Structure formats: structure tokens, C-alpha cells
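Those sequence lines, one after another, are chains Y and V.
Letter by letter, the first sequence follows residues 1 to 459 of UniProt numbering.
Letter by letter, the second sequence follows residues 1 to 459 of UniProt numbering.
For the record, the hints were derived by calculation from the structure and aren't laboratory data.
These figures come from a predicted structure and were not determined experimentally.
Hints may contain errors.
[Stated by the list, open to error] As a list, the in silico EDC-like pairs of lysine to aspartate or glutamate whose alpha-carbon atoms are at most 20 Å apart: (1) 282(V) to 432(Y); (2) 282(Y) to 49(V); (3) 282(Y) to 46(V); (4) 282(Y) to 129(V); (5) 168(Y) to 46(Y); (6) 369(Y) to 410(Y); (7) 166(V) to 273(Y); (8) 168(V) to 273(Y).
[Claimed, not checked] Just a sample of chain Y residues kept apart from chain V, beta carbon distances all over 12 Å, derived: (9) 35; (10) 166; (11) 231; (12) 329; (13) 330; (14) 337; (15) 347; (16) 394; (17) 406; (18) 434; (19) 444; (20) 452.
[Stated by the list, open to error] Cβ-Cβ distance ranges computed for the label pairs, FRET-style: (21) 69(V) to 348(Y): 36 to 44 Å; (22) 210(Y) to 69(V): 42 to 50 Å; (23) 364(Y) to 100(V): 51 to 59 Å; (24) 168(Y) to 66(V): 30 to 38 Å; (25) 410(V) to 402(Y): 32 to 40 Å; (26) 206(V) to 72(Y): 37 to 45 Å.
A virtual CB, placed ideally from N, CA and C, is assigned to each residue, including glycine.
Number of protein chains: 2
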Amino acid sequence: MTNSSQSQRPASSASESSVPTVRVALLGAGNVGAEVARILLTDAVELGERIGARPKLIGIAVRDVDSPRTVTLPLELFTTDADALIDDADVVVELTGGIEPAKTRILRALNAGKPVISGNKALLAQHGEQLHAAAEAAGTSISYEAAVAGAIPIVRPMLDSLSGDKVKRVLGIMNGTTNYILDQMDTTGASFDDALAEAQRLGYAEADPTADVEGHDAASKVAILGGIAFHSSYTFDDVYCRGITGVTAEDVEAARRSGFVIKLLGVAERVTEGEGDQAQEKVNLRVVPTMLPRKHPLAGVHGAFNAVFVEAENAGELMFYGPGAGGAPTASAVMGDLVAALRRSVAGGPGVGPTFHAGLPATGMDGVKTSFALTLLCPDRTGVLAEISSVFAEHGVSISTMQQRDLPEDPAHPGQGQAELRFVTHRARNADLVRTVEAIRQMDVVLDMRGLIRVENDN
Amino acid sequence: MTNSSQSQRPASSASESSVPTVRVALLGAGNVGAEVARILLTDAVELGERIGARPKLIGIAVRDVDSPRTVTLPLELFTTDADALIDDADVVVELTGGIEPAKTRILRALNAGKPVISGNKALLAQHGEQLHAAAEAAGTSISYEAAVAGAIPIVRPMLDSLSGDKVKRVLGIMNGTTNYILDQMDTTGASFDDALAEAQRLGYAEADPTADVEGHDAASKVAILGGIAFHSSYTFDDVYCRGITGVTAEDVEAARRSGFVIKLLGVAERVTEGEGDQAQEKVNLRVVPTMLPRKHPLAGVHGAFNAVFVEAENAGELMFYGPGAGGAPTASAVMGDLVAALRRSVAGGPGVGPTFHAGLPATGMDGVKTSFALTLLCPDRTGVLAEISSVFAEHGVSISTMQQRDLPEDPAHPGQGQAELRFVTHRARNADLVRTVEAIRQMDVVLDMRGLIRVENDN
């Protein structure tokens, strides 16, 4: 591969025959694939200078050659024979999505020692370990910057720049659709349904928004990024996942009144379970709607932008911010992986992937320390707050703040005033918080419970 | 180096003899060096798992073995014989600073094919090209994430993640001292002198703050990062540099009133000079106090934090944020480079550095398009604004906004009222802006000119 112009294949033109070329196969011509093809065709000379060999797009495998495309590409590049294309290439870029046939095709390339670039988060969050093992066995690499947070360089910085540090926690806004919806709700007071409709109108949300709004898309990214951060291998099923369909305009407004904003956060964090000799390090992976203080750097991430906030033992707090989706931005991430992989190949030497040596087990929510906000509707009479406070105390959960708001009296029932009590707890074990909430929900003085949401705070 | 336990050197203990080791030489035991030593000694086993060989700190070269240290390190590691230490090592970490003897020592290591990690921005901004050439000739690498923006991963993302994109502009808050001072002035209304004194009291500024407040430190970083971003080689002398000593509390307050904040920005941007066939791409490198709209992501970077904002053709707008200085954060950047370089060495294959193939010439300020804010003190009478506006127009500079503020009349001179006119221009060639400002300064109706500062705006 160092100099494929020395191979039996003739170079396609006289001007290209003087420089070595590397043969690139592209699988998929969707939004991102079409942009990658455009960049490869337009910038081949400049990219060749950077790589040390000129990348040559030899073909684009698609299901249907005659499908309409958003970007005009030479028709002769299209083929339905992905296997032949892979076998003919030096490097393979997989941008088809889905588990099969993507997985079989990627393994075909890796087993032949060809570097693979992929943006397939679902596949990586399910079979990442197998793909990495295949790459390592063949002395090549699989790279997937585009699979996590679109254009934002986060996979590579995590792999390389933070490789000498100990990551404590990763918090990310990793889905642009849900961030757009929550940001709309926050800035305009819109309901979830209205904000979703607006997102669909603008093309930020798909007709079937389930994968986004239920947090599944973010969960795949958390599994991938958490694995790299903690040198362990996780899958989608290791991620506790709650979407934003239950977040109401009232929740958003209540958060705003307390100086918070609600974001759908993907979190991967180190958790110690047990004590003394029994203490064991585990990793909690979750996607949950979360209240963030407005001064937190992630609180300022608006619209469909993404950002990943990393807390590391030595580096401290880092944030990576940028577009989380879109054809050209995601193509930039793919191209970065491609150029980096090709530079390595041209220079010689095997690929280097993440290590999963730590094997920290994924853990459920019980041991995670977090805090909750919740709003209770109660009769407006003395003793109610004392009664509720004692239930918190019984479960070992302490209250950080309480705000009471007297509601206007119902004229039909004079003398029976109601009050809204809004609590934010200190950090406590999630299991204790859940038990506290259940006990409070059963209390006679609690007429209604609303706005139950996790809080990331410094308390 | 793949397995130095197979070399003639005996491993230092029985437990270590079973895994390959790599021998690390450290030059310098200052703030950052001491933290790197501590991490290497504490985390060797974990780092070994990541690298595939255990890093062994074989010595620390210092000028004076008996100097007091902030971190307690084994005395037997210290030596004054840097050359012998380098010759005995597999990899060299240079954290001494200054041009010599650092340069000679780094070349000694590179020429012997040993990877070098350095945090020496002054050296890299002066002799970077020579050091890269030496590394490439010997098939090894020099890495320096720590030289730019402390703990923030920016060199490697720029080198690898953005290697398939075309960078248009890099804007960075790359000096924590000046950002702390400007942030204090903005949030408390303090004068420059008071904010500097506070920064010195808190250890954010040195007793002699020249290198920071005059922008020299940021200029070195701009030269280094601009070179990587534009695949060209620049030195400190290519950077137009203005510090913040002339920024007054009034400037900060005026900016605040218009919805702006003043930051010391390091900028590297692509500039096209000439037109048509004569058009030539160049790169302008500058460090200048700049007004930023409050909604710009860099405007929210407070205290001693750093951030780098990148505009790329496909990726769009990215931001990298984190601590720009400090022993442990900077050590994290050094360790990331070290682990990445060692992983490559252990896996086999040569190092890969930046390419400088583009050779875009650095250019002065004349052709740069920017806008200016300036405040004029004028007699409060009709016709003044028209007179001044015509001077802007004569020089081809158009006005974006004008705010007039009538000043209270001086009781001693009734009838001679004065007004403050605050202009922000649209983007124009810097040379035209400078000529406009000079012409306005000469006008009879202009009693005083203040708060002249560049603006980054979307207009």
C-alpha cells in the first residue's frame, strides 16, 4: 500500500501515475457519504500532499445505482457489488448504517488488513469489540470519529490526548435533535410537541423521531465513548436510557426559575461500589434528561450543536464543542480519520486502536450519586413541610434547596389553599433517592408529584 | 525499543522483568516536570497496559540537584548530566524551556531516532521546522501538545482530526494570565493595574508579567498552531502582536454597553491578497485585543481558562475549552503525547508529524479584513456627524453602528456642550481602516479619540 502505483493496477491517468495513489472504497452515498465523495474528488491533490500518496475514490457501493442523490457524482463510480469494491481497495469507508450487511463488509476489509473508517454508531455500540479484535489481529485499524458527536473531534482526543490521564467522568450533549427541542422549549416556552414539530419542519428531526427523542442514538454514543474513556468495552445494553418525551413546558419553566436548564445528557462515569477491601471500580453509563446550572459550560450549548465535557484527574475540565450532525461536518470527521489512517499506512507500521484492558464492569443506577429535583402539590397548612422533610431524612437524603409557592385558592373550596413545594436534594445514592421519591409519593399530604428530574450540581 | 527488556540493560526489579519496559528521560523538574515525574512513578502499571510496555522514569536532568521541589521525588533520579541521560533513554521529555540547551538536547535525542515530547513553545515557535526535519529524517517524532493552550487537546485534533478539512480561521484565547485580567476588568470594573495586581497575588501572573501581557506568549502559540492548521511553517516573528497594557476600564465598559467583551485573541487566518490571476493565498497571524459579541462561544471563557475556536470549511465551527496552564493540567497534555508516541513505537513504524507542504506565506495586517470600534469626543453641534461620516465614506469604510451620548455641559463654559460618538465599522481592509482612523484623528471637530480596538463580528 505504500505505493500502489507499483502494483499491477494501472493508474487511471498519466498525471496521476507519477505519484503513488491509495485506492478508497466508499460504502453508502447518503448525506455524509455523498459529501465524503465530493471532498475526495475535489481535494485529492491537496489531500495527497498531506498523506504522502494521492487518495483515489475507486467506487461507491449502493443498493440502487439509480437512486436520486443530493450531490452530483460521476455515475460510473456507482456499483452494487460492495464485495468486489472492497477487495479492489486499499482502504474502506463505511457509511451505510445498520448492522448488516455493514458488519460483514467491514470484517471482510479488516481481515484483509485494510483500514476501515466508519460512522456506524449502532454497529460499533453492539459489535465494537469484535471489530477492534479483527483490526488488531490483522495489524490494521478501524476509526469512527464520525460515530460520536458528528464533526467534533472527541474520539481521537480521548484515544490519544487523554491517554496519559485518568478520566473521571464524561458528560455529553450528543444528540442535536433533542438539544434543539429542549433549547426551543427553554427559549420560547414551547411544549415538547410543538418544539418537535418545529424540529421536524427544519429537518433537525426525522418523521419517526423515536431513536432521537427516546435517547437511543445518544446511548450508542455513550457506549462507544465510555469504552474508550475507561479502557473497557461496553455495548448499547449497558446504558440506562431515558428520553425527553416526558419533559414538559412546566419542567423547563421550573428549572429556569431555579437557574437551571434541562439537557439530555449522555454520561459515563467512574463509580466505586462497596467499601474498604470490597470496593470495586465500575462505570455507570446513562442517558437522562438532567438539570444543569446555567453557569455550566454545557448549559450554553444551543440549537442542534453538540458538546462533550470531560473531567479528568490531571487535565481538569475540558469541553469539545461543535456541530453534532449534518453531511459536511460529519464528512469532515470521516476525512480526518481517513487522512490519519492513510498517513500511518503510507509511513508504514500497524494501526493502533483503543485498549480495553481495564475491563471495568458496567453498573446500574443504584450506586450512582446524583441529586433530584421534584415538585409536590400539598395542602397549604402548617406541619406539611416538617412531615415531608422527615421522610427525606429517614432515607438519608438531605435537602439542598426548597422553594414554596402558594397557589391561588380555588373559589369553589374556600379555606382549602394549596402550595407547590419544589425540592432539590443534595447528592445521594440513586437507590436511596428512588426509595425516597416512592415514599413521598405515597404520603397523604402529597396531592401530586411533578417535574421529577436528575440534577448535575456541585453540591 | 519494542521490548527493551531484551536489551543488555537489566530490568530494575524482578516484577518488572516480565513485561517490556521503555526508558523515559525527563529534562526539567519545574511545575510541569515534577507532575510528569509524579504521574510516571504513580501510574506506571496502568500506563504500561495502555502502551504495551511499562514506562520507566530513568532520570531527571536538572541544573541543580539540590534545588527545592514542590513535589517529593526520589533523589536518586536527579542528575545534572542531561546528555548521558538522553543517550540512555528510549524517549525524551523536555520541559526546561528556553532555546538552549533545550534545542541541542532535543536534536541529540531526535538524531538518535528517539521520540521527543516537549512543552517548549518559545523553541518551537523559533526552530520548529528544524526540529520537525530532524525528527522526520530519523523516522521519529516530536510532539508538543503542552506547548499550546495547556491541557486542551488542540495540536493533535488539528493534526489528525482536521487533517481532511480546510481550516479557514483559528481564534484562540491562548493565555490564561491575560484572560484572567480582562475577565476581572469585565466582571468587576477593575483597572488594568488592579486586575494585574490581583492576578499576581493569586499566582496567575508572574512578577515580571511582560511575556504574558504584551502577548508574546500567545504569539508563540499562534505561530505553532497556525503552522499546523495551514500546513506551513511560521515563526514568532511572523506574528503581529499587541498586548493588553493599553486596554482601559473605559474600553471594557464601553464594550460592555454595546454587548461586547474584550479578549486577547490569537488569530491565524487564511487571507487572499490580490485579485483574479494575481490572487494569492496567504496567512495572517496576529495577537490583538479584540471585541467579541457576548454571544460568541469564546466570550463565555472566564478566568484563567483557555479556548481555541476553529472555523473549517466542512466541520464548521468547533471549540476546544479547558485549563490553559498549571502543573497537573499541562502534565496531562505531556502524558498524552508520551503514551501516544510510545504506543506507536511499541507497535512499530515511524513517527508521523505535521506537513508543511502548503508553504502559505505569512502576511502583514494590511490585507486582513476586520472592523474597528472607536470613540470620538466632539462638540455637540449639528453637522459634526455628517462631517465625520464623510471621512469614513471617502476611505471606503462603512459604518455598522453609531451611538451618541451627550455629555453634561461644563458649567464654566455654558453653551459649549460635548458629545461622545461611538462607531463600529463594517469589515474592511485593515490598511483602509488605519488610514480612516488617521484622517479622523486630524479633524478639527475631533477633540479626542479613545477606545480604538478591533472587533470580530458577523457583519
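Pair hint residue 166(V) and residue 273(Y), alpha-carbon separation not exceeding 20 Å:
violated, 47 Å
Would the hint linking residue 168(Y) and residue 46(Y) be met if the CA-CA limit is 20 Å?
violated, 39 Å
With respect to the beta-carbon atoms only, verify the hint that residue 69(V) and residue 348(Y) lie 36 to 44 Å apart.
holds, 41 Å
Assertion that residue 452(Y) lies farther than 12 Å from chain V (Cβ)
holds, 30 Å
Take a quick look at residue 329(Y) and tell me if its Cβ sits farther than 12 Å from every Cβ on chain V, holds or violated.
It is violated; residue 329(Y) is separated from chain V by about 5 Å at its closest Cβ, not greater than 12 Å.
Given the hint that residue 369(Y) pairs with residue 410(Y), test it: the Cα-Cα distance must not exceed 20 Å.
violated, 40 Å
Residue 282(Y) and residue 129(V) were given as a pair; does the straight-line alpha-carbon distance stay at or below 20 Å?
violated, 45 Å
Distal placement of residue 330(Y) relative to chain V, Cβ over 12 Å:
violated, 9 Å
Interface exclusion of residue 406(Y) relative to chain V, criterion Cβ beyond 12 Å:
holds, 36 Å
Just double-check residue 444(Y) for me: nearest Cβ-Cβ distance to chain V has to come out over 12 Å.
holds, 47 Å
Given hint residue 49(V) paired with residue 282(Y) - CA-CA distance at most 20 Å:
Roughly 18 Å between the alpha carbons, so the hint for residue 282(Y) and residue 49(V) holds.
A cut-off of 12 Å on Cβ-Cβ distance, and residue 347(Y) was said to be off the interface with chain V. Does that hold?
Violated, because the least Cβ-Cβ distance between residue 347(Y) and chain V comes to about 5 Å, which does not exceed 12 Å.
In summary, the numbered hints that this structure violates are 1, 4, 5, 6, 7, 8, 9, 10, 11, 12, 13, 14, 15, 22, 25, 26.
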